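Participant: The residues making up each chain are set out below.
2 protein chains.
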Amino acid sequence: MKMMIPAGLTPVEGGVCAAKGFRANGIQCGLAHAGASITKKKNDLALIVADKECAAAAVYTTNKVKGAPILVTKEHIRDGRARAVIVNSVNANTCNPDGVEKANKMCELAAAELGLKPEDIIVASTGVIGQVLPIEPIAGGMKELVEGLTYDGNSRALEAIMTTDTQPKEIAVQFEMGGKTCTMGGMLKGSGMIHPNMATTLTFITTDADISAELVQQALSDCVKITLNMASVDGDTSTNDMVCVLASGTAGNKPVVSEDEEYGRFLMALQCIMTNLARMMARDGEGATKLIECIVEDADTTETARIVAKSVVCSSLFKAAMFGEDANWGRILCAVGYAQADFDVNKVSVEIASDKGAVMVCKNGAGVEFSEEEAKEILSEEEIGIYISLGCDGDGSAMAWGCDLTYDYVKINGDYRS
Amino acid sequence: MKMMIPAGLTPVEGGVCAAKGFRANGIQCGLAHAGASITKKKNDLALIVADKECAAAAVYTTNKVKGAPILVTKEHIRDGRARAVIVNSVNANTCNPDGVEKANKMCELAAAELGLKPEDIIVASTGVIGQVLPIEPIAGGMKELVEGLTYDGNSRALEAIMTTDTQPKEIAVQFEMGGKTCTMGGMLKGSGMIHPNMATTLTFITTDADISAELVQQALSDCVKITLNMASVDGDTSTNDMVCVLASGTAGNKPVVSEDEEYGRFLMALQCIMTNLARMMARDGEGATKLIECIVEDADTTETARIVAKSVVCSSLFKAAMFGEDANWGRILCAVGYAQADFDVNKVSVEIASDKGAVMVCKNGAGVEFSEEEAKEILSEEEIGIYISLGCDGDGSAMAWGCDLTYDYVKINGDYRS
Numbered sequence: 001m002k003m004m005i006p007a008g009l010t011p012v013e014g015g016v017c018a019a020k021g022f023r024a025n026g027i028q029c030g031l032a033h034a035g036a037s038i039t040k041k042k043n044d045l046a047l048i049v050a051d052k053e054c055a056a057a058a059v060y061t062t063n064k065v066k067g068a069p070i071l072v073t074k075e076h077i078r079d080g081r082a083r084a085v086i087v088n089s090v091n092a093n094t095c096n097p098d099g100v101e102k103a104n105k106m107c108e109l110a111a112a113e114l115g116l117k118p119e120d121i122i123v124a125s126t127g128v129i130g131q132v133l134p135i136e137p138i139a140g141g142m143k144e145l146v147e148g149l150t151y152d153g154n155s156r157a158l159e160a161i162m163t164t165d166t167q168p169k170e171i172a173v174q175f176e177m178g179g180k181t182c183t184m185g186g187m188l189k190g191s192g193m194i195h196p197n198m199a200t201t202l203t204f205i206t207t208d209a210d211i212s213a214e215l216v217q218q219a220l221s222d223c224v225k226i227t228l229n230m231a232s233v234d235g236d237t238s239t240n241d242m243v244c245v246l247a248s249g250t251a252g253n254k255p256v257v258s259e260d261e262e263y264g265r266f267l268m269a270l271q272c273i274m275t276n277l278a279r280m281m282a283r284d285g286e287g288a289t290k291l292i293e294c295i296v297e298d299a300d301t302t303e304t305a306r307i308v309a310k311s312v313v314c315s316s317l318f319k320a321a322m323f324g325e326d327a328n329w330g331r332i333l334c335a336v337g338y339a340q341a342d343f344d345v346n347k348v349s350v351e352i353a354s355d356k357g358a359v360m361v362c363k364n365g366a367g368v369e370f371s372e373e374e375a376k377e378i379l380s381e382e383e384i385g386i387y388i389s390l391g392c393d394g395d396g397s398a399m400a401w402g403c404d405l406t407y408d409y410v411k412i413n414g415d416y417r418s
Numbered sequence: 001m002k003m004m005i006p007a008g009l010t011p012v013e014g015g016v017c018a019a020k021g022f023r024a025n026g027i028q029c030g031l032a033h034a035g036a037s038i039t040k041k042k043n044d045l046a047l048i049v050a051d052k053e054c055a056a057a058a059v060y061t062t063n064k065v066k067g068a069p070i071l072v073t074k075e076h077i078r079d080g081r082a083r084a085v086i087v088n089s090v091n092a093n094t095c096n097p098d099g100v101e102k103a104n105k106m107c108e109l110a111a112a113e114l115g116l117k118p119e120d121i122i123v124a125s126t127g128v129i130g131q132v133l134p135i136e137p138i139a140g141g142m143k144e145l146v147e148g149l150t151y152d153g154n155s156r157a158l159e160a161i162m163t164t165d166t167q168p169k170e171i172a173v174q175f176e177m178g179g180k181t182c183t184m185g186g187m188l189k190g191s192g193m194i195h196p197n198m199a200t201t202l203t204f205i206t207t208d209a210d211i212s213a214e215l216v217q218q219a220l221s222d223c224v225k226i227t228l229n230m231a232s233v234d235g236d237t238s239t240n241d242m243v244c245v246l247a248s249g250t251a252g253n254k255p256v257v258s259e260d261e262e263y264g265r266f267l268m269a270l271q272c273i274m275t276n277l278a279r280m281m282a283r284d285g286e287g288a289t290k291l292i293e294c295i296v297e298d299a300d301t302t303e304t305a306r307i308v309a310k311s312v313v314c315s316s317l318f319k320a321a322m323f324g325e326d327a328n329w330g331r332i333l334c335a336v337g338y339a340q341a342d343f344d345v346n347k348v349s350v351e352i353a354s355d356k357g358a359v360m361v362c363k364n365g366a367g368v369e370f371s372e373e374e375a376k377e378i379l380s381e382e383e384i385g386i387y388i389s390l391g392c393d394g395d396g397s398a399m400a401w402g403c404d405l406t407y408d409y410v411k412i413n414g415d416y417r418s
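For the record, the sequence lines run as chains A and B. Using my numbering, read the first sequence as starting at 1 and increasing by one per residue. Using my numbering, read the second sequence as starting at 1 and increasing by one per residue.
Misleading hints may appear alongside valid ones.
Not the full set, but computed from the structure, chain B residues with beta-carbon under 10 Å of chain A [said to hold, decoys possible]:
#1 N63
#2 C95
#3 T239
#4 G357
#5 M360
#6 C362
#7 A366
Covered, in the sense of this in silico footprint (three residues per stretch, anywhere, with C-beta under 8 Å from a C-beta of chain B), are these stretches of chain A [stated by the list, open to error]:
#8 60 to 74
#9 86 to 98
#10 176 to 188
Hints were generated in silico from the structure; no laboratory data involved. Remember, predicted model here, so these are calculated numbers, not experimental data. For glycine and all other residues, C-beta sits at the position ideal for the given N, C-alpha and C.
Between the sequences and the hints, there should be enough to build the whole structure, so can you do that?
Facilitator: Next up, the structure:
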C-alpha cells in the first residue's frame with residue numbers, strides 16, 4: 001500500500017531498530033491457550049532494548065477492563081523513563097486473578113537476564129482474554145530471547161506481537177533536528193478488536209531523538225487523537241491497547257525541552273509514523289479487502305469532522321457495501337446523519353474516489369446523477385477515499401480509516417476462539 | 001420463536017386487524033428502484049384504516065437525515081388524531097429533493113380514495129435511500145388498494161412493508177380495561193439498519209382501547225425506551241424509523257385520561273406487543289441464525305444496565321463468536337468494559353444460558369472453570385441468554401436484544417444495492 005510521507009521526512013528500513021542504539025528479538029517460546037485449535041508456528045515473545053535509558057511515554061486503552069500489563073507498565077513509566085519492552089502474543093493476560101503478578105514476573109525475568117531493574121521494563125500482552133498466562137514458557141525462553149538481540153532484529157520482534165494480522169506493520173523515517181539526523185521507527189499489531197477510543201492495539205515506537213519525557217508524552221497524546229484513534233476495524237475497543245514511545249537521545253541533538261521548531265519536527269515525524277501505522281492496521285483489518293479513508297472537510301469544528309468521519313468508517317452497512325463495490329451513498333448519508341454532532345444535513349456533499357477517478361454522488365444532502373458503472377470502477381480499487389463536505393463556513397477537517405466488512409471477518413471471528 | 005406474554009394478556013390472531021374496526025390491505029403496485037437486480041414479487045404498498053378517527057402518537061428516528069415521510073407524518077399527527085396509515089417499501093423517499101412533495105402526494109391520493117382529509121393520514125416509506133420515488137405506481141394502485149381493504153387484511157399489509165425481512169412480524173393481545181375487552185395488535189418491519197437510538201424500524205400498532213392521545217404518546221415513548229430502543233442488528237440507525245399507535249376507542253371502555261390502573265393495563269399490553277416485536281426483529285436480523293437476549297442486573301441505575309446490555313448485543317466480535325457457538329466470554333467482558341457507564345469491572349459476573357442449560361463463565365471480573373463442551377451445547381440453541389450481574393447494590397436492570405453476525409449479513413449487504 002502507499003505510504004504517506006510528508007516533505008522533510010525520508011523513509012528508511014529497520015522499523016523499531018532503525019533508530020540508533022535499539023536492539024530487538026522475537027522467539028517462539030511456546031505459549032498456547034486452552035481451546036486453541038492449532039499451535040501456530042510463529043514467534044510469540046518479543047523484546048526491544050535500548051542501549052541507554054530513554055524518555056518514555058504511553059497512551060492506554062480506556063476500556064474499564066484493562067489487561068494486567070497495562071497496570072504494571074503505568075507504574076513502571078511513572079517516572080518518564082524506561083529501557084526495554086517485553087511483549088507476548090497468544091494470551092492477553094486479562095481478566096485473570098493472577099494477572100498483575102504474572103505481568104510483574106515478565107518484567108523481573110527480562111530485567112534479570114538484561115541486568116536491569118524491573119521498573120525499567122515496559123510490559124504488554126495480546127491474545128485471548130481470560131485464560132491464565134503460563135509463565136513457564138516465558139521463563140524458559142528468556143535467555144534465548146536476550147542472547148538473540150540484534151540491531152536488526154525488528155522483523156523477529158514484529159512477528160512475535162502479531163495475532164490475526166496477515167501483514168507485518170512497521171515504518172521508519174529520518175528527519176533533521178537541530179542539525180542532527182534523527183531516526184524514528186515503529187511497529188504495530190492489530191487487526192480485530194479495533195475501535196477508535198484511545199491508543200487502539202499495541203504500538204511500539206523508538207527514536208534516538210533527545211527530547212524530554214513530558215514533550216514525548218504531549219506529542220504522543222496529540223498524535224493518538226488524529227491517527228490511531230481515527231481508525232476502526234470492528235467497533236470493539238480492546239482491553240490491552242497501548243502505544244508507547246522510547247526516545248534514547250543517542251542522535252546527539254540539543255535536547256528538546258520546549259514547544260519550539262525542533263519539537264515541531266519531532267511531532268511531524270511521530271504523526272507520520274502513526275498515520276501510516278494506522279492506515280496499515282485498517283487495511284489489514286480482519287478479513288478486509290480494502291482500505292477506506294474518509295476525509296471530512298468544511299466542518300464547524302475539528303471535533304465535528306472527527307465524529308462524522310469515524311461514524312462513516314464504523315458503519316457496518318457502509319462497510320458491507322464497500323465489499324460489494326456498490327456506490328450505495330445512502331448508507332454514507334445515513335451514517336453521517338446519526339453521527340452525534342451538530343450540522344445541517346442539507347449542506348452535505350459526498351464524493352467517492354480512488355486511483356481510478358472520482359465521482360460526486362450527493363450534493364446538498366440529496367442524490368445527484370452519476371454513472372453507476374464509473375462508480376463501480378472506482379470502487380474496484382483497494383484504497384478508497386470518501387470525501388465529505390459538511391458545507392459549513394468553518395475549516396474543521398479530519399481523516400479516519402477503516403476497512404470493508406467481509407465474509408472473512410465473520411469466518412475469522414466465528415471460528416473457535418481465534 | 002417463543003412469545004413472552006405476561007399474565008393478564010391473551011394472545012389472539014389478526015395483527016393490526018385484531019382490534020375492532022381496523023381494515024388493512026397490501027398490494028404490489030410495482031415500485032422498483034434503479035439498480036434493482038430483480039423485481040421482487042411481493043406487495044409494496046400497504047394501507048391501514050380505522051373506521052373512526054383515532055388518538056394517535058408516534059416516535060421517530062433521531063437520525064439527522066430523516067425520510068421525507070417522517071416530516072409529513074409529524075405535521076399530520078400534531079393534533080393527536082389520525083385515521084389511516086399509508087406505507088410503501090422498496091424506496092425510502094429519503095435524501096430526495098422532492099421527498100416532502102411526494103410524501104404529501106401519497107397522503108392526498110389515499111385521502112381522496114378514502115374520502116378523508118390528507119391530514120388524517122400517517123405516511124411512511126422504507127427501502128433504498130436517495131432515489132426519487134416514482135408516484136405513478138402508487139397513484140395507479142390506490143383504487144385497488146382501497147377497494148381491497150378488509151377486516152382481516154393484516155397479512156397483505158404486513159407483506160407490503162417488508163424489505164429484507166425473512167419472517168412476517170406481528171402479534172396481538174387482548175386485555176381487560178374498565179370491564180371491557182380491549183384488543184391491541186402490531187406489525188413491524190426491520191432486519192438491517194437497526195440500532196437502538198429511537199423507534200428503530202417501521203412499527204404500526206392499532207388498538208380499540210379508548211385513551212387520550214397524550215397518554216398514548218406517553219406510554220409509547222416509555223415503551224420505546226425498553227423495547228425497540230434495546231434492540232440492535234448492525235449499529236446503523238435508520239433514517240426512516242417510526243413507530244406509531246392508533247387508538248380508536250371502539251372497545252367502549254371508559255376513556256383513560258389519567259395514569260390510573262387502567263392506564264397500567266394499557267401500558268402492559270403495549271409493552272408486551274413491543275417487546276415481542278423487538279425480539280422478532282432481532283431474531284430476523286439480516287443473516288441472523290440466533291436471537292441473543294442480554295439481561296443485565298444488579299446495576300446502580302437502570303441507565304447503567306441499559307448501556308451495558310446494549311454494548312454487549314452490539315459487539316461485532318461477540319456476535320461473530322455467537323455465530324461460531326464459542327463461549328468466548330472475554331469478548332463479553334471487553335464489551336462490558338468499554339460501555340460508557342460507571343461500575344466496578346471486578347464485580348462483574350457472566351452466565352450463558354439457553355434451553356439446554358446455563359453455565360457461569362466469569363465471576364468477579366475473572367474467568368471460572370467451566371466445561372467448554374457444555375457451553376458449546378448451550379450455544380447450539382437458537383435463543384441464547386447472556387446474564388450479567390454488575391454486582392452493585394442497586395437494583396437497576398435491563399434487557400437488550402441482538403443477533404449473531406454471519407456470512408449472510410455480509411452477503412445481503414455486500415450484494416449490489418439491497
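Participant: A separate judgement is required for each hint: does it hold in the structure or not?
Facilitator: Results for each hint:
1. A hinted interface residue such as N63(B) counts as satisfied when its beta carbon comes closer than 10 Å to some beta carbon of chain A; here the least separation is about 4 Å, so the hint holds.
2. Because the smallest distance between the Cβ of C95(B) and any Cβ of chain A comes to about 5 Å, under 10 Å, the interface hint for this residue holds.
3. Nearest Cβ of chain A to the Cβ of T239(B): about 5 Å, under the 10 Å cut. The hint holds.
4. Below 10 Å, beta-carbon pairs count as interface contacts, and G357(B) has none with chain A, the closest being about 19 Å; its hint is therefore violated.
5. For M360(B), the shortest C-beta to C-beta distance to chain A is roughly 13 Å, which exceeds 10 Å, and the interface hint is violated.
6. Because the closest C-beta pair between C362(B) and chain A is about 7 Å apart, less than 10 Å, the hint holds.
7. About 5 Å separates the beta-carbon of A366(B) from the nearest beta-carbon of chain A, less than 10 Å, and the hint is met.
8. With 5 residues carrying a beta carbon less than 8 Å from a beta carbon of chain B, the stretch 60 to 74 of chain A meets the three-residue requirement, and the given coverage holds.
9. Counting residues of the stretch 86 to 98 of chain A whose beta carbon lies closer than 8 Å to any beta carbon of chain B gives 5, which reaches the threshold of three, so the coverage claim holds.
10. With 0 residues carrying a beta carbon less than 8 Å from a beta carbon of chain B, the stretch 176 to 188 of chain A misses the three-residue requirement, and the given coverage is violated.
Violation of the numbered hints given earlier is confined to hints 4, 5, 10; the remaining hints are satisfied by the structure.
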